[in-house]
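J.: Spelled out from the first residue to the last, the chains are:
Protein chains: 2
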Amino acid sequence: MTTPDTITLAHGNGGRRMRELIDAVFVRHLGNPCLAPLADAAWLPDRLADDEALAVSSDGVTVQPLCFPGGDIGRLAVHGTVNDLAVAGATARYLTVNAFLEEGLSLATLERVVASLAEAARACGVQVAAGDTKVLPRGLCDGLYFGVSGIGIRPRHLALGPSAIRAGDAVLVSGPVGDHGVAVMLAREAFGLSGDIESDSASVLPLTRTLLPLAGLRFMRDPTRGGLATVLHEVRRATGLGIRLEEERIPIRGGVRSVCEMLGFDPLYLPCEGRVVAIVAAEAAAEALDRWRALPKGRSAARIGTLVADHDRVLLVNDWGGERPLLELEDDPLPRIC
Amino acid sequence: MTTPDTITLAHGNGGRRMRELIDAVFVRHLGNPCLAPLADAAWLPDRLADDEALAVSSDGVTVQPLCFPGGDIGRLAVHGTVNDLAVAGATARYLTVNAFLEEGLSLATLERVVASLAEAARACGVQVAAGDTKVLPRGLCDGLYFGVSGIGIRPRHLALGPSAIRAGDAVLVSGPVGDHGVAVMLAREAFGLSGDIESDSASVLPLTRTLLPLAGLRFMRDPTRGGLATVLHEVRRATGLGIRLEEERIPIRGGVRSVCEMLGFDPLYLPCEGRVVAIVAAEAAAEALDRWRALPKGRSAARIGTLVADHDRVLLVNDWGGERPLLELEDDPLPRIC
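Chains A and B, in that order, are what the protein sequence lines are.
The first sequence begins at 1385 in our numbering and counts up by one.
The second sequence begins at 1385 in our numbering and counts up by one.
No lab work stands behind these hints: they were computed from the structure.
Just to be clear, a hint being listed does not mean it is correct.
[What the hints assert, rightly or not] Some chain B residues judged to face chain A by a derived CB distance under 8 Å, without partners named:
| no. | residue |
| --- | --- |
| 1 | Asn1397 |
| 2 | Gly1398 |
| 3 | Ala1426 |
| 4 | Phe1484 |
| 5 | Ala1514 |
| 6 | Ile1535 |
We put the CB at the ideal spot given by N, CA and C, even for glycine.
All chains should be built: construct the whole structure from the sequences, respecting the hints.
T.: Following this line, the structure appears as structure tokens:
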């Protein structure tokens, strides 16, 4: 049997070619006792303890290029969903993966990306419990998109969310912002620039887990699409409170800052794929920062702002007392970087 | 504020436009207590009883055209996942929806499809617990794709699957095959034909539920992509048994047969979106058919074949004793009909 080295429409028709592709690439890398290729649905073995409940999340991944410094679409697919569950206080247990493949996609690329997805899933302790592939005619998909959903376990009683936020609370970020966005933009090579900036694509579960027992923890988010600015605007809208951001305290790598200045992007709007924004009671801020800084991915954690009741904007304040509003993202057509 | 009437790239950037789109279309139609638009993940309220367990499934939906007689991509998205869970013995409770939207998609079309998805979800008793939208540049998506996953509840102890199948078992189908495939192909208008054939898109849960208590129930599948022939080949491969199909007993509507003859398609390979193939012990076949025929969607249910140990092929046998093998689907590039 000759093996074609690109995806063909026959790989999506339900027949032999499709089965061979699923076996050769998806099942080989992702196989586990839950993922029964003949079944329409996986049966999950878990029993929930009385103090546990389920959480579920969903994320589409369309990054271009498929591989970039520090990651690829497979890693991103796993981390995106693991992280959405983590900031909701849950530990991901199972993923489902919908793969949309373009006719003509190289099988070597697919193999590389699925192997990377499998490696990231193993590292995060999650199993791919169900999957599906669809093949789109050439030109109706940009190589490969993933639609991922995640199922996690969380403590049943957990007061976490925007309704817990109060004026005076502290805004923390676990590390530098903008790395992922800049790494992917440079990898697109659309600007004639190159650099050694890597995506921060990683599981944030260690960062969220260490904060969960903290009494003053109010809210956590991973600032992906729309970046830090967008998370803060969502908090502003949900709480009716304002946010005073101390501009110089926001950790941003020098390289990220330089590239953004050259290209006219603001790193506060660029996606991170391995950072957490947490809002904690003021008296818990020091302890939360200590816990984060003890972790490899939290060494640059910083307190960057405060919730305030005297206005309802997101204000950037610099060391000289200058203030400017951080506006909500509107029409900016950012490239597909997450 | 002017409302543009098509999707723009800004609808995917994480900012105000995207939030407005999600509120105006997705949350308005799909809103429920689980779907908190600000959250990264939904918390599910269920506690599982001791005799219950979870099932999970996943399905990508890329049908073109988006709307066709008897359904649309929104209905199909719900039924595809509800049905995958149903044939695994589970009742769907929650869906997650990843929407991939093409720049330039009409908002009226999106609205229509999401409203239809919401209506189908309500009718099936499922809630959309999490969702995500990504906007792709014009030309990199064909209007709209959905990646759907489902979480269902099943009885914890349920012997259902290919390993339960024995020689002598009966193959049943719940209704006519090929309707969905032909309805969508005609709606594509690529053939200069039109007809009154409607998609069979529907929840099969009533059909699966009525069989679950039956002692002789071995296996259920919904014959979607690749059709009845592909399900039977999967059974053949998983069991090592052959299947003797009685050609004249396979229910196929006259209109479906005519269109297939004209266009050179075999209805046994065309997808159904509201049918079940069940394998039951021979002595349970009459009772299973009675139960199906008592339901509105099961009136044309038929026993169409038998599992045999004397060969390992899928053989079509006609009333005159003629035999021909039903081959496995290989290269046929069917249009996107599911």
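J.: Each hint: holds or not?
T.: Status of the hints after comparison with the structure:
1. Asn1397: 5 Å, holds
2. Gly1398: Check passed: Cβ of Gly1398 of chain B comes within 2 Å of chain A, closer than 8 Å.
3. Ala1426: This hint holds: Ala1426 of chain B lies near chain A, its Cβ roughly 5 Å from the closest one there, short of 8 Å.
4. Phe1484: Since chain A brings a Cβ to about 6 Å from Phe1484 of chain B, closer than 8 Å, the hint holds.
5. Ala1514: Since the shortest Cβ distance to chain A is 4 Å, the answer is holds.
6. Ile1535: 6 Å, holds
Violated hints for the displayed structure: none, as all numbered hints are satisfied.
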